[in-house]
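Here is how the chains run, residue by residue.
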Amino acid sequence: MMHSALSRWTMSYFAAALFFFVGAQVLMVVGYGFPSVAAEAPETLVVVHMVTIGWLSLLMCGALFQFVPVLIARPLRGEGLVLPALLCLLAGLGCLLGGFIELSGAFETGVPLLAFAGVLLPAGFVLAAYVLGGTLWGARLPLPARFVTVGLPSMLVTALLGALFALLLSGYLPALAEFDFRAQALPVHIAIGLGGWLSFSAIGVSYRLLPMFMLSPDKERRSSKIVWWAGAIALLPVALATPLASLFGTPDVAPSARVVAVLLGGISLVFYGVDLAFFYRHRKRRAVELNSHAAKGAFLALVLSATLLLALLASGTVEQHAGALLYLVAFGWLSGLGLSQLYKIVPFLTWLECYGPVMGKKPTPRVQDLVAEPRDRIWFVAYFLCVTVGAAALLAEQPGLFRIAAGGTLLATLAIVTELVLARRLKNVPYAQRAPEGALPPRLFLPRTH
Amino acid sequence: MTQPDYELDVRPIIAKGGEPFGAIMEAVATLAPGQGLRLLAPFKPVPLFHVLGQRGFEPTAREIGNGDWEVTFRPATGEQNSGAEVSAPVQSVDPSTWPEPAVELDNRGLEPPEPMVRTLEGVEALTSGQTLAALLPREPLFLFEELEARGHLWRGSFEPEGHYRILIRRG
Numbered sequence: 000m001m002h003s004a005l006s007r008w009t010m011s012y013f014a015a016a017l018f019f020f021v022g023a024q025v026l027m028v029v030g031y032g033f034p035s036v037a038a039e040a041p042e043t044l045v046v047v048h049m050v051t052i053g054w055l056s057l058l059m060c061g062a063l064f065q066f067v068p069v070l071i072a073r074p075l076r077g078e079g080l081v082l083p084a085l086l087c088l089l090a091g092l093g094c095l096l097g098g099f100i101e102l103s104g105a106f107e108t109g110v111p112l113l114a115f116a117g118v119l120l121p122a123g124f125v126l127a128a129y130v131l132g133g134t135l136w137g138a139r140l141p142l143p144a145r146f147v148t149v150g151l152p153s154m155l156v157t158a159l160l161g162a163l164f165a166l167l168l169s170g171y172l173p174a175l176a177e178f179d180f181r182a183q184a185l186p187v188h189i190a191i192g193l194g195g196w197l198s199f200s201a202i203g204v205s206y207r208l209l210p211m212f213m214l215s216p217d218k219e220r221r222s223s224k225i226v227w228w229a230g231a232i233a234l235l236p237v238a239l240a241t242p243l244a245s246l247f248g249t250p251d252v253a254p255s256a257r258v259v260a261v262l263l264g265g266i267s268l269v270f271y272g273v274d275l276a277f278f279y280r281h282r283k284r285r286a287v288e289l290n291s292h293a294a295k296g297a298f299l300a301l302v303l304s305a306t307l308l309l310a311l312l313a314s315g316t317v318e319q320h321a322g323a324l325l326y327l328v329a330f331g332w333l334s335g336l337g338l339s340q341l342y343k344i345v346p347f348l349t350w351l352e353c354y355g356p357v358m359g360k361k362p363t364p365r366v367q368d369l370v371a372e373p374r375d376r377i378w379f380v381a382y383f384l385c386v387t388v389g390a391a392a393l394l395a396e397q398p399g400l401f402r403i404a405a406g407g408t409l410l411a412t413l414a415i416v417t418e419l420v421l422a423r424r425l426k427n428v429p430y431a432q433r434a435p436e437g438a439l440p441p442r443l444f445l446p447r448t449h
Numbered sequence: 000m001t002q003p004d005y006e007l008d009v010r011p012i013i014a015k016g017g018e019p020f021g022a023i024m025e026a027v028a029t030l031a032p033g034q035g036l037r038l039l040a041p042f043k044p045v046p047l048f049h050v051l052g053q054r055g056f057e058p059t060a061r062e063i064g065n066g067d068w069e070v071t072f073r074p075a076t077g078e079q080n081s082g083a084e085v086s087a088p089v090q091s092v093d094p095s096t097w098p099e100p101a102v103e104l105d106n107r108g109l110e111p112p113e114p115m116v117r118t119l120e121g122v123e124a125l126t127s128g129q130t131l132a133a134l135l136p137r138e139p140l141f142l143f144e145e146l147e148a149r150g151h152l153w154r155g156s157f158e159p160e161g162h163y164r165i166l167i168r169r170g
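For the record, the sequence lines run as chains A and B. Heads up: the first sequence at position 285 corresponds to 284 in numbering that gives the first Met the number 0, and the numbers run straight through without jumps. Heads up: the second sequence at position 132 corresponds to 131 in numbering that gives the first Met the number 0, and the numbers run straight through without jumps.
Don't take every hint at face value.
Partial pick of chain B residues on the chain A-facing surface, computed with a CB cut under 10 Å [stated by the list, open to error]:
#	residue
1	118
2	122
3	148
4	161
It is worth saying that the hints were derived from the structure and are not from the lab. In this text, a Cβ means the ideal position worked out from N, Cα and C, and glycines have one as well.
All chains should be built: construct the whole structure from the sequences, respecting the hints.
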């Protein structure tokens with residue numbers, strides 16, 4: 000088929016993402032990076048960027064390449080750039096991780112790895128944003144897509160700031176060395192990256208996936224619009240406070256901007272909670288599938304993260320416990336949602352790819368037959384339980400306990416990844432139903448060659 | 000003893016963009032035993048031959064100029080010239096010339112991908128040229144792709160309530 004509605008490279012993005020997610024957790028289990036060393040140590044930066052770029056950003060990009068065209072019923076524009084984007088991101092991430100490891104003193108290459116990363120990673124993100132933004136451009140945008148339109152510029156801002164850091168660390172931007180990037184730009188890099196790019200896009204995706212699979216009414220609600228407006232406006236002071244303050248020489252603006260951002264972000268989250276409750280309560284499907292069940296763990300982690308942030312702000316200990324907060328956001332909310340939705344998206348896309356050609360002509364297995372929900376329930380429970388323990392361990396400054404918790408999340412992740420591989424291989428489908436004549440069993444993570 | 004044929008001209012209905020299927024079926028329901036239906040249409044309503052054939056009517060069709068057709072459906076028991084053409088399906092891509100749907104499906108309350116599976120099952124059960132109408136929870140991008148790959152034609156639009164209605168003509 001020429002204009003396939005199935006995104007060609009999405010499974011490759013997912014496979015790379017899961018590889019980095021598992022890798023980062025292995026490092027955490029063996030005690031590499033925070034909390035064994037400082038939060039800003041190069042070792043920590045290795046783990047952090049394996050999670051945020053390697054796992055979460057590749058996952059989100061891969062998902063959006065599939066999701067955006069379906070959402071607005073338009074083919075992907077510039078589909079040929081999707082693979083180059085992946086290659087740029089992988090090469091750039093490799094350089095970034097290599098550069099950090101070099102900073103940690105483990106080895107020396109004599110190659111300006113961080114400078115390469117500072118070029119390759121933004122290039123990859125710009126390509127991805129070009130394809131997704133170009134597809135969205137001029138289309139009638141339903142609410143979930145409007146969240147993505149905030150996510151994409153946030154992704155670019157995050158990548159740009161990251162590139163500045165990388166070039167600065169590599170010594171290629173001596174002119175900028177005087178500027179205190181760590182105090183001024185690092186919080187923006189983190190907040191816009193996790194909040195604007197990953198969280199906002201994830202919320203947008205959830206607005207479509209949850210009603211779609213639970214058969215809830217998905218007419219646009221006023222509360223959903225408030226989520227968008229409050230969230231989008233909250234990002235502005237976060238992104239602009241520092242540059243405006245230094246431009247106008249009013250550094251005292253930053254704290255009040257932060258208050259505005261937290262307030263608006265809070266409003267956004269409360270209404271998001273209202274919408275989620277609505278979706279679950281008004282679903283037409285009696286039985287909630289494991290993906291939607293497991294997503295509740297992620298939403299709970301989001302509530303916990305917001306509560307923790309407020310508590311840390313109130314007690315003035317944000318700096319001290321930022322590690323625990325970021326861990327909860329990245330592993331509980333974003334990774335939890337990612338894993339739970341992969342558990343549906345991978346079998347669903349696999350089913351379409353394999354059985355699409357015989358649909359309606361021959362009996363096919365159900366999508367649910369590609370996974371074994373009862374067996375996997377325990378792994379999602381274990382995952383969220385261990386994330387909670389891990390966050391608590393970081394708060395209580397118990398690195399030993401944190402490593403044990405990381406071992407638990409790693410084990411659960413590996414079990415879920417195994418299940419996804421089995422789904423791709425159709426191993427859970429009874430043999431007699433597996434391959435009716437005309438079905439196209441997919442490859443593990445590469446597109447079919449035509 | 001047989002009454003004269005009941006005459007129904009659906010050309011004004013179709014010219015106004017309306018759906019004549021209801022009017023035709025209403026007319027059929029009012030026919031007396033043994034009475035025939037003389038239908039005037041702006042195209043040769045071949046799929047209707049099939050629908051009414053199942054109700055025991057045999058068609059006689061003749062072109063009356065300007066692309067218009069006169070078709071007389073008579074109860075099959077009556078004496079009838081068997082020369083009626085029941086052959087080539089309408090090849091028009093223009094949906095306004097499509098026959099009324101032989102099947103109507105409401106697939107809104109189904110979990111994905113069931114709406115698509117049921118719709119395609121329905122399409123596969125049609126004979127060439129017949130149409131099927133389906134209500135779907137949303138615009139079905141994956142379905143479009145399958146329809147295209149299988150050589151079927153379709154038109155669709157959003158309904159005011161937010162769901163999507165698709166009319167598919169089997170190729």
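Query raised in the report: Which hints from the list above does the structure break, by number from lowest to highest?
Result: Going through the list in order, the structure violates no hint and respects every one.
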